[in-house]
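First to last, the sequence lines map onto chains Z and D.
Heads up: the first sequence runs through residues 1 to 203, numbered per my numbering.
Heads up: the second sequence runs through residues 1 to 203, numbered per my numbering.
Note that these hints are calculated values from the structure, not bench results.
Be a bit skeptical, because a hint or two may be false.
Claimed, not checked - To be clear about the criterion: a stretch of chain Z counts as covered by chain D if any three or more of its residues have a C-beta under 8 Å from a C-beta of chain D, and this derived list gives those stretches:
(1) 11–22
(2) 97–103
(3) 126–133
(4) 138–146
Unchecked claim - Computed footprint of chain Z on chain D, listed as stretches where at least three residues anywhere in the stretch have a Cβ under 8 Å from a Cβ of chain Z:
(5) 16–26
(6) 119–133
(7) 137–147
(8) 157–168
Don't be surprised by glycine CBs; every beta carbon is placed ideally from N, CA and C.
Protein chains: 2
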Amino acid sequence: MTPPARGDHEARRRDVSEAVGRVLADRGFGGLTLRAVAAELGASTGLLTHYFPNKRALVAHALEVLDRQAVGRRRPATEAVGAARGLPALRAALLDVLPLDAAAAADNRTWIGSWDAALGDAELTAGHAERYRRARRRTAELCAQAQELGELPPGRPAADLAAQAQAFVLGLVVQALFAPAEFPPQRQRALLDGFLADLATGR
Amino acid sequence: MTPPARGDHEARRRDVSEAVGRVLADRGFGGLTLRAVAAELGASTGLLTHYFPNKRALVAHALEVLDRQAVGRRRPATEAVGAARGLPALRAALLDVLPLDAAAAADNRTWIGSWDAALGDAELTAGHAERYRRARRRTAELCAQAQELGELPPGRPAADLAAQAQAFVLGLVVQALFAPAEFPPQRQRALLDGFLADLATGR
Numbered sequence: 001m002t003p004p005a006r007g008d009h010e011a012r013r014r015d016v017s018e019a020v021g022r023v024l025a026d027r028g029f030g031g032l033t034l035r036a037v038a039a040e041l042g043a044s045t046g047l048l049t050h051y052f053p054n055k056r057a058l059v060a061h062a063l064e065v066l067d068r069q070a071v072g073r074r075r076p077a078t079e080a081v082g083a084a085r086g087l088p089a090l091r092a093a094l095l096d097v098l099p100l101d102a103a104a105a106a107d108n109r110t111w112i113g114s115w116d117a118a119l120g121d122a123e124l125t126a127g128h129a130e131r132y133r134r135a136r137r138r139t140a141e142l143c144a145q146a147q148e149l150g151e152l153p154p155g156r157p158a159a160d161l162a163a164q165a166q167a168f169v170l171g172l173v174v175q176a177l178f179a180p181a182e183f184p185p186q187r188q189r190a191l192l193d194g195f196l197a198d199l200a201t202g203r
Numbered sequence: 001m002t003p004p005a006r007g008d009h010e011a012r013r014r015d016v017s018e019a020v021g022r023v024l025a026d027r028g029f030g031g032l033t034l035r036a037v038a039a040e041l042g043a044s045t046g047l048l049t050h051y052f053p054n055k056r057a058l059v060a061h062a063l064e065v066l067d068r069q070a071v072g073r074r075r076p077a078t079e080a081v082g083a084a085r086g087l088p089a090l091r092a093a094l095l096d097v098l099p100l101d102a103a104a105a106a107d108n109r110t111w112i113g114s115w116d117a118a119l120g121d122a123e124l125t126a127g128h129a130e131r132y133r134r135a136r137r138r139t140a141e142l143c144a145q146a147q148e149l150g151e152l153p154p155g156r157p158a159a160d161l162a163a164q165a166q167a168f169v170l171g172l173v174v175q176a177l178f179a180p181a182e183f184p185p186q187r188q189r190a191l192l193d194g195f196l197a198d199l200a201t202g203r
């Protein structure tokens, strides 16, 4: 194996990103330090400060890595509905968030772990806020479709239905991670279906 | 001012707890270290290891401190309903969790900050799981009362209604902390009332 060409910045950045991903998977955000990433990479902490001048830059990069992983790991639920619209698409999108298997549980555990670091920094808070805003916007589009299709009642703004749905799944994720035995996949699905049935029969 | 009597362990423990509380309020769980608590206390790290042999013991104590603070800071909503039962009591208990003022936002921010540390340790995870289990049990009692009073439909187990309600409020807390401008107190209340109306008109 030949060593990477000098100046091959892309390859080096990919190595750094992968090392950040492994540290996150192993230790969560609480264990994410320049020192830990350097050790994972077999590099010096000095080299790392070239990429990440401070802890915030490292955390911000870790959040980007998580974003890319999440896109790469779309759960079958989403694939299955494909071009589906309205309530079935809403249900699939919400199922996609829940920790229904080990990979989804690990992803969620890492995301929840990021909240402490993110809330401690205005810029990171803004980044997270924007992520959740985009997710609510996508959810609101599905809610609006479901209203047009007569699957959800027309009386409330789609943005409120979406905020209610996002609140429900985020909170269910937290409960399921702390008490997986009380929230096996079957019960998570049943609770989601109960929530959606209430949403559909509400005003 | 005389120095505290030697062996006045209670007073010293109280000082330590208060220092832990101040570090949490200032820096969150990410900034909770023996060194930070020692500095806050004007004591040596060595003295602190007498109380907390390791990081987990410190985090566990911090969670107890938070528990006591939460009990001491019951919001007016709960006081107002006093002996109320059923749906109004359920609504008041859920309002009590939401970040409707600065103190409640600060409490919630610290709790969310504890999730990363708690999920990284089996014993702390079990402690959090038990906290949320107790909260669901209390919520389920209120849901069962509301069902008996005909305020909530009788078709679903009270435990499921409680899990759904706890999921909703936890997730709403997370969204409101990241985007307070989008979730002012008035909208949080309106979303909670929308959720409860759906729960009441569901099967």
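Mind listing which of the numbered hints don't hold for this structure, in increasing order? 1, 2, 4, 5 and 7
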